[in-house]
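*Asks:* Quick mapping for you: the protein sequence lines, in order, are chains A and D.
Here the first sequence is numbered in our numbering, starting from 1 and rising by one per residue.
Here the second sequence is numbered in our numbering, starting from 1001 and rising by one per residue.
Since the hints were derived computationally from the structure, they do not count as laboratory data.
Treat the numbers as computed from the prediction; the structure is a model and nothing was measured.
Ideal placement from N, C-alpha and C gives every residue a C-beta, glycine not left out.
Just to be clear, a hint being listed does not mean it is correct.
Here are some of the chain A residues that sit facing chain D, going by a computed Cβ distance under 8 Å [stated by the list, open to error]:
#: 1; residue: Leu57
#: 2; residue: Thr61
#: 3; residue: Phe95
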Amino acid sequence: MNKIISSKNLTKTYGEKETSVIALNEINIEFEENQFTAIMGPSGSGKSTLLHCLAGLDRPTSGQIFLKGTDISTLNDKQLTKMRRDSFGFIFQAFNLIPTLTAEENISLPASISGKKPDQEWIKEVVKAVDIGDRLTHRPNELSGGQQQRVAAARAMATKPEVIFADEPSGNLDSKSSKELLTFMKSVVETLSQTIIMVTHDPFAASFAERVVMLKDGKIASDLLKPSHEAIIAEIASLSEV
Amino acid sequence: MFGFTKRPLLLIAWKNLKTYPVRIFLTTSSVILGVAVIIASSIFAESNKNAFDNLFSGIYEGIDLVVQPVQEGFAEGFEGNGGQGPISFDIKKISDSRIKEIQQIVGVKDAWGEVLGFAQFIKVVDGETVLISNGFAPTFGGAWDTSPFAPQWRLTVGNPPTNTKEVVMDAVTAKNHDFTVGDKVTILAGATPATFTIVGIAEFANVGTPGGASFALFEFRTAQKLLDSIGEVDLINVVIENNADIEIVRNLISALDVENLNVINAQEAAAEQANSIKQGLDFFNTILNVFAGIAIFVGAFIIQNTFRIILLQRTKELSLLRALGTSKRQIYRLVISESLFMSIVGSGLGVGLGIGLAVAVKEGLKYFEFGLPDGPLVLTPSAAITGIAIGITVTVLSSILPARKASQVSPLEAIRDSISTPKRKSLLLRLLLGSMVSLFGFVTLFGVLYEFLDLPNLTSLQQVGLGAAVIFIGISIITPSITKPFVLLFDKVYKLLFGILGKLATENSKRTPRRTASTASALMIGLTLISLANVITTSFKAQATELVEEVVLADYQVSAAQVFSSPGIPTGLSEELLALDEVTKLSRSRATIVGFEDRPLILGAVDETVFDLIKTEDIAGSKEAFLKQDAIGVLKQKAERDNIQIGDQITLTIPEKGDQTFTVSYIFDWSTPPPAEFFLLLNNHDFFTNDSLDTEIYFNVVEKSETVDKLINEIVDKYPGVAVRDQDGLVEEANNQIQQLLNVIYGFLSISIFVALFGITNTLSLSVYERTREIGLMRAIGTYRKQIRRMIFIESSIISIFGAFLGTSLGIFFAWSLIQALADEGFSVFRVSLSQTILWIAIAIVAGVIAAILPAIKASRQNILEAISYE
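Same shape as in the complex, but just chain A:
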């Protein structure tokens, strides 16, 4: 397997001098292509900051991030924006969709703003996979929370991105919808060769991933491959004891 995105000495601090808070402390990490990775950690561990920096939504204070060998920490806003549009997909916890656009329009939004014709065959495949074919002409407020997140997932995949970033995608969902979404995410990594990096604090959600990275105080605390639900819970417990 090839590494697709990696960080070198990635550090992020907030605030000035005495009052500064270190969110990420010299993180070195690599992510494999075609893998579903979960980043976990207690509140304030820096997991969201890591995701934001990797996804080009936030800038590191020092250190580098490489996307297939390109150092993205040196890009300007315009280049970063283009990268997010063409190489990344996003699923956020809530407010993933533009309320005035239909599900279909939301899915093709990244393609629309890039001015390119969306790949119709691919989108059809994605829509079929998320199972929202009958809701395409509806607006977000006419969709259930689960449906909204699936539309978001479809949008994230619509441009065939290198990496899909998911920030607590199931955070606002009931357990049934949550399971559906995560199952779907797991399946697209396997069947449609996608790469997903997901931040979550929920061990159940993390258990769908192949790899689970635990953060604590801005540092990597553990890195587990194919852990079971129980193994994740045990790891969390051991981390919080220290």
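Following the hints, position chain D against chain A.
*Replies:* This is chain D only, laid out in the frame that chain A set:
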């Protein structure tokens, strides 16, 4: 130590205002503008009133009585004359022998005559003759007052004129055109120009020269000769002895010739004249106030919107206050106290800006040499207080609704992490109410035009105006309900033009139809008025053009360059033109004053060719009959009014000839403003040829060309004060006057557009704020900043096109109605200038985009993380 404050809410209010000065500026900008216009107009009017008061007491300062010739019944003689034609100074005068008679009356200290006529200074610059005047003010000539009691003109330099070759020039003209004592100057007074030496510069009262007019003051006898008043004066000024009774002296003078002398009390006359000028200024003041009212009205919309924005942005803060135990009432008071503070600041700044505006207007007028009387700018306390009171009242009233809404905020709002969007209320009720109001308006308006409803106590024009106002209010009520259908029109086009950004922008304008509509309404008001003015003037222009083209058949017309400043056309000009081979046909018209039934009457004389060069219409009799020696032609209107028939005998008293009787042989309609009402054939009567001037010349040429143009101009240039125009020139001249008026109106109306711009800025800021998350999301998934800005610009263009479209349509419709209502007054042409209409819509759209710059930049700089984070 913890600080304790007795009035925590006031502290919060104060901190808010201190932290966001830009916000205050945006909110108060419309108050500032509105108050400024009110203050400026009031200063302007008040200062002018004062100055004119001074001027008129100046004119009659030291004079007790003024003796004028009786001009009664004279005005009637001019009826139907159209205000053009022979020179209006050729009126009744007083014999100068009366001066001596008056001087001998008991109680009279001194009396002296005044002579007034047209005299034009001429300068030759680089071989070209230049007519000297101060802007558009008239050019006068007069007699240097010889009495030691004559107070009006005071020499600033030099001496009074003592012979026929000397002249005194007014100080303003001397200053504007760099003349000093000792200079030679050419003056056109009467038929031929002559050269004079300037022996003195004089100032009139304390204003330099009355009304900005240029004045050439001659020695008394010279003035009489030059200004066509030999042996006569225009009026006689009288100063009485200190112990004399003014009424007794007045009666004594009057007794000299009760029928022909009118003796008036100078001070009463001063008051009367000052008063009539004041009324003119009051009218101007009223117009300014109307514009100020529009600015304030538009401002009220915007203040309300701005308060909504500010309060929405502070929802969290307010709900936190609520959660901490602040009552609804306290929140309400907090908001009102803030608005009160802003209104005071805004009104204060408005007064300051208003003073600046008044100074600018005054300086501007000075720049154009308008010669308004000098004097200090006066701001009466009552005017300042009124302006401030209006500013405060409007601001506070506009903040009441937003304040009430803000006080309803739930304490939970602070904990909940969402931005509330306005709830949708049904727009059906609005649609019904608006339609009803509009219907009333339409019935009122069409009631006049199609004569099925006539409201009592209203002229048809007033009824149309009322109908239009009611329709306007009705449409304003409806606007939110038609926002969606209107925006739907954009959907397809915008999607095609701008792709997904167009779609997002149209969807956003539909999301809050009320806000979109009220923002558009602000723009609508301005554009309604602008397109109204625009269409009316375009129609008037078209009418004027049509008239000129229809009635002037000649290739060229020669007339006085400025109606009020030149006595006429020297006869040599027509002779020179006729001598040209290229000139095929030429007609002259002249006029003189004769007596008819003991009243003065303008008698015109024309060449036979006039009927080929000007459109006339036979009513009765024939042109052939008119050519006979004793024939007289009568204008249709005069014949109808006085019931004159073909064959009637008319006896006219001709100066120096006595009574002559003519037979009415031709009654006709003269389509341009006719020079007179009775006409003779010029060549039949020698009393027109003695030492006379032409009023107008019309002529045709073989073929128009640049060479012919040049030839003609060379001849005309030799005669100062005379202008030649071809048809295009005539049309252009008529149109220029209308255009000047329009430009003034545009100037005022653009203020309302300017105010509306702030409204668009505010509305878009609010819209951007409400969509913080949406914009953040769009940025996160890869939308460029540039694209976000473009989206806001597109949204703004929808608002401005909506406002511009509604305003323009209403304006055009109102203009059409007004012209229909004026049909009885002879207005028939309704024309819309497509280019002007498109131009103004384009200006509105560009203005809308400019107004969107700030919100667009703000939106594009939105912090992505803040927008998408939930922790």
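*Asks:* Could you run down the list of hints and mark each one as holding or not?
*Replies:* Hints, verified against the model:
1. Leu57: holds, 5 Å
2. Thr61: Status violated, d = 14 Å.
3. Phe95: holds, 5 Å
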